[in-house]
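S.K.: Could you put the whole structure together from the sequences, leaning on the hints where they help?
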Amino acid sequence: MQIPIEYYLILSAFMFIVGVTGVLTKRNAIIVFMSVELMLNSANLTMITFASYLGSSVGQLFVFFVMTVAAAEAAIGLAIIIAIFRNKLTVNIDEINILKW
Amino acid sequence: MQNNHLLTYLLLTPFVGGLLLLLINREKENLIRYFGLAVSVITFIVSLFLYFGFDISKSDFQFVYKFAWIENLNISYHVGIDGISLLLILLTTFITPLTLISSWKGINKKVKEFTFFMLMLEVGMLGVFVSLDLFLFYVFWEVMLIPMYFIIGIWGGERRIYASVKFFIYTMFGSLLMLVAIIWLAIYASGPLGHFSTDLIELYNIGPTVPHTIQLYMFLAFAFSFAIKVPLFPLHTWLPDAHVEAPTAGSVILAAVLLKMGTYGLIRFCLPLFPQAAVYFAPAISVLAIIGIIYGALVAMVQKDMKKLVAYSSVAHLGFVVLGIFAMTNESMQGAVIQMVNHGLSTGALFLLVGVIYERTHTRTIAEYGGIAKLIPIYSVILMIASLSSIGLPGLNGFVGEFLILLGSFKSPVLNSWWYTVFAASGVIFAAVYLLWMYQRVVFGEVKNPKLNSIKDMSAREIFVMIPILIFIVWIGIYPSTFLKVSSRSVNKVIEQVYTPQNHSLK
Amino acid sequence: MIQLIYLTILLPFVGFLFNGLLGSKIKNEKVIGIIGSGVIGISFIIAIGAFFETLNLPVEQRKTIVDLFTWLSVGGLNIHFAYQVDQLSLVMALVVTGVGFIIHVYSIGYMHGDKSFWRFFSYLNLFIFAMMNLILADNFLVLFLGWEGVGLCSYLLIGFWYDKKFEKMTTADAGKKAFIVNRIGDFGFLLGMFLIYLTFGSLNFSDVFSKIGVLNISQSVFNFIALFLFIGATGKSAQIPLYIWLPDAMAGPTPVSALIHAATMVTAGVYMVARCSLIYASAPAILTVVAIIGALTAFFAATIGLVQNDIKKVLAYSTVSQLGYMFLALGVGAFSAGIFHVMTHAFFKALLFLAAGSVIHSMHEDQNIQNFGGLRKYMPATAITFLVASLAISGIPPFSGFFSKDEILWKSFANGNVIYWAIGAVTALLTAFYMFRLYFLTFEGNSRFGKDKHPHESPKVMTFPLIALAILAFIGGFIGIPALFSGEGGNAFENWLEPVFKNAQARLAETSAYGHSMEISLMVISVILGVGGIIIARNIYLKKPSIATELAGKFKGLYNLLWNKYFVDEVYDATVVTPIVKTSDSFLWRITDAKIIDGAVNGAAAIVDRVSKNIRKIQTGVAQFYAIIMALGIVLALFWIIMSL
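Chains as they are written, first to last, in this note's numbering: chain A, 1 to 101; chain B, 1001 to 1507; chain C, 2001 to 2645.
Rather than coming from a laboratory, the hints here were simulated on the basis of the structure.
You may find that some hints are simply not true.
[Said to hold, decoys possible] Derived SDA-like pairs: lysine to any residue, alpha-carbon spacing no greater than 25 Å straight-line:
{"hint": "1", "chain 1": "C", "residue 1": "K2025", "chain 2": "B", "residue 2": "I1385"}
{"hint": "2", "chain 1": "B", "residue 1": "K1374", "chain 2": "C", "residue 2": "G2113"}
{"hint": "3", "chain 1": "C", "residue 1": "K2582", "chain 2": "C", "residue 2": "I2184"}
M.R.: Right, here's the structure in full:
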């Protein structure tokens, strides 16, 4: 018997929420990036689920796009973090607040 | 000599002249000054062509030129003049060269920028007086703010930043309301006309048909902006600061021309476009004007700084002009128009004279003067004539305007009460009080301040600046017909526009 | 000559410009003096010529209008610089130019050595220019031009020595006071003019006066017009309540006091009311006001003059008092009597001032009569002319003052009522008294001045004018001999002016219930009063000066009140001037303008400032904070979209 679609979707939603919570509350920049990856993967999971259940391959194709973007974004983002770390010697987001009033 | 492009030449002369000025090396200060002066004199000559080509028997706009600018919105470059604007144009082009000459020695840093700003200011001022399109008018109105802001802010006195920012924001705040009203009116006009239009001639037919309540709001929006500029009590507090902190040239132009733009706007826009609203508000605005006359005079009396005294006297004088406008009779409006010119001349003269003495002693405090009649007699005589003109002595220009205004407001059907004139006429007493008292403390008496002993009398250049003004002060006083007949038909037309498209009767 | 009348106005103006612009370069006093006086002399000759020409015209045609050019033509207002040569304006013109010429000549001597000699003559000529404009104008506006013009010249001339102290103030203060008090009167005059224009549609004398019987105008309008114009007159002619500037105007040089504040400018109000006689005749209530104020002022000022010690102050209050007589005359409808007194007063008052100037000069600018005494032996010409003038002002026949003052007293009894006459008669007594107090203390008795003073007679250029005026003060009255004495011809002066006042007299329709015998009795009484005043003065000040000090001691309060001129200036200062200045300073400027209005403006800016200072705190710089806000925003937006589906 096929696993009901809801299980996958709930799982994705759960992953997404965990990711959002991580982005909004974590202080360490690298953890934030990990959470962002988690959110992207949860979106991937949703797309694959629907691709499978609707019999369309568009979802699976799109996942490739998402993964590429995630990879690029992670690379650049980590490079920025390293540059900031070299200047401010911290990866604590709360302390990287120069662009304030 | 109806060359339709003449007005465009009038506007282009200072504009192109200013741009060319930017090419001159900033080290060559004298060349810059002469060049700027030459440009402003040429502008004056162009305006003389306007004067001689003007047909005083017609009340329509002359030298009209229309060029489609933003076609989709029917906004055009539409210029033209009538008698009222002609007088004000002549005043502007006449005062500007004199102002430049008076700042020859006074402005000695950043001369290039200064002259450039003065020329751009002239473009803005002339543009305001010739525009027949509301949008174009608005553009020039705002254009004139920026050079003035710089002139006060860079070459001004101690609190110049405060004064120039206050001036700029206060005036712009009013103008924004006016912009809203312009757009509102243009959109409203798209109903009857079929298209969005900001053209004044077309809107003259639409404006009076706007329903009463909306018309009141539109009138208030326009009038608010003009009232700030005039300045009408209680929106006048930017004026003392701006005048005191501005350099002499800035003060003269501000008093002589910029303030007239407010009253000009009232005559050109508020009255003909919204006649019912104008009649409705006339008593209230007249009360404010009269308060301005008396309040301005009383506050001027207790000032310790000469320039502030003259600044408050402007509030008082322009109160008369506003009263004349809203009394809406032939005599009072003619008086208002001629008084605009008169105020430009006499208050301009007073500011120039204060500037002359400030250049020598670097103080404007009245208490530090006294007895200069012995030391600099020529200056004292010229100051006396300028003061008498401001007081409104018959035989000099001020009396002609004040008398006509008071006479007209006495018999005004819109105001319909003697009391306006009674209170306004008391202003003539107070004017004598503050000016004679100032004159006495500065000129008569003994020389108490030893620093004054070395001051020199007016130089040939300074006398040269004052003489044309004095000539006009006497000319307008003795034979004002030369000037009154220029504006008389145009004033009649404005009054007609106020009275005729009435659906309901006047009080 | 009549057509050349505008020259009487133009020539003084040319003199003003000439001496004003070139005077400081021409160091020669003679030239300046001759030009300055000469233009007035020529004006006088033209006036005489115009007079004789008019005399030759038939009575109905004696009004000529000389139109120069348009001044203001706006709406319904059509004002020309046009001048009216008629009987009334000719009388005034002759007085102004004649007495003016005499005073100009005198000034050549009086102002000798002054470093601003040229400026003095320049201003004097400007004054005559303005005064002639006033009296020759054919409309209210040109009259007003002259009206304010003489006010200006008064200001300039009072403060002529601008660095000189004057009592507790400076001469410039005195000049400013004159100008401003005059302006208060002018405010009334302006309102009167506006009302005239509103009612009659014109400011032209001919237009206005011809319409009075024709148009249907309410009584209250006439009353207001007359009242407003009269307020102007009280300012210019120093009546209650606006007389306060005249005593302080004595700060100016004495010829100025003689010309402006005795003979000419102050009579402008009288002239104006006389010119508008028809308006006043149509407003009898206001005419009563005029008479009452005139009578009260006459008495009031005379009482103050009793105790003053400054020779010019006494003469100043005397002028205010005599002006009161003129207004009393106008107020009872005796217009020509009022003008007659203008003329004779010009003669004797100018003479009094010029003689006083002669004394002041020779006593080295001391003006206190307590320091004089016995000057007759040193300055006989001055003394005798002063005596002649004093007799004239006291109303002793056959001097001119007798005829004019008597005419006024008679008319105030006959046309008015006995109270007017009584006040006038008592004032006549006081007048004789204070004038001869002045005479005796100055010229007779023992000399009270120190050894440092060497009084001497003045040079001929000053004494000849005195003599000329003395002759006029003596014979000037004969043209106004009442009908009583001159037979069927009647009073020549009155007859000359009759056409001008005819319409007004008709309106007033006074009937004289009294006959000649009453007139003679009143005349006798006034002479007795005059002589009585002289005798009392003689007994006190010549014979027993101690009586004066005793009386002053006994009636200390009253004496103090009079000496301090009833504290009127102090009262005005406390009730009007100081409150206005203080309110303007502390309340209007410091509070209303600086704190309230500007406070609102700055407050608006401050509010914007504070609000933005708080709003900017959203920009924390912490990226997660922004992300939270974004997330919240998305949730809310989704929520809203889903709810509206």
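S.K.: Starting from K1374 of chain B, check that the Cα of G2113 of chain C is at most 25 Å away, please.
M.R.: Holds: K1374 of chain B and G2113 of chain C sit about 17 Å apart, inside 25 Å.
S.K.: What's the verdict on K2582 of chain C and I2184 of chain C, does the C-alpha distance respect the 25 Å limit or exceed it?
M.R.: Holds: K2582 of chain C and I2184 of chain C sit about 20 Å apart, inside 25 Å.
S.K.: Checking one constraint from the list: CA of K2025 of chain C to CA of I1385 of chain B, max 25 Å. Satisfied?
M.R.: 21 Å, holds
Going down the numbered hints, you'll see the structure goes against none, and every one checks out.
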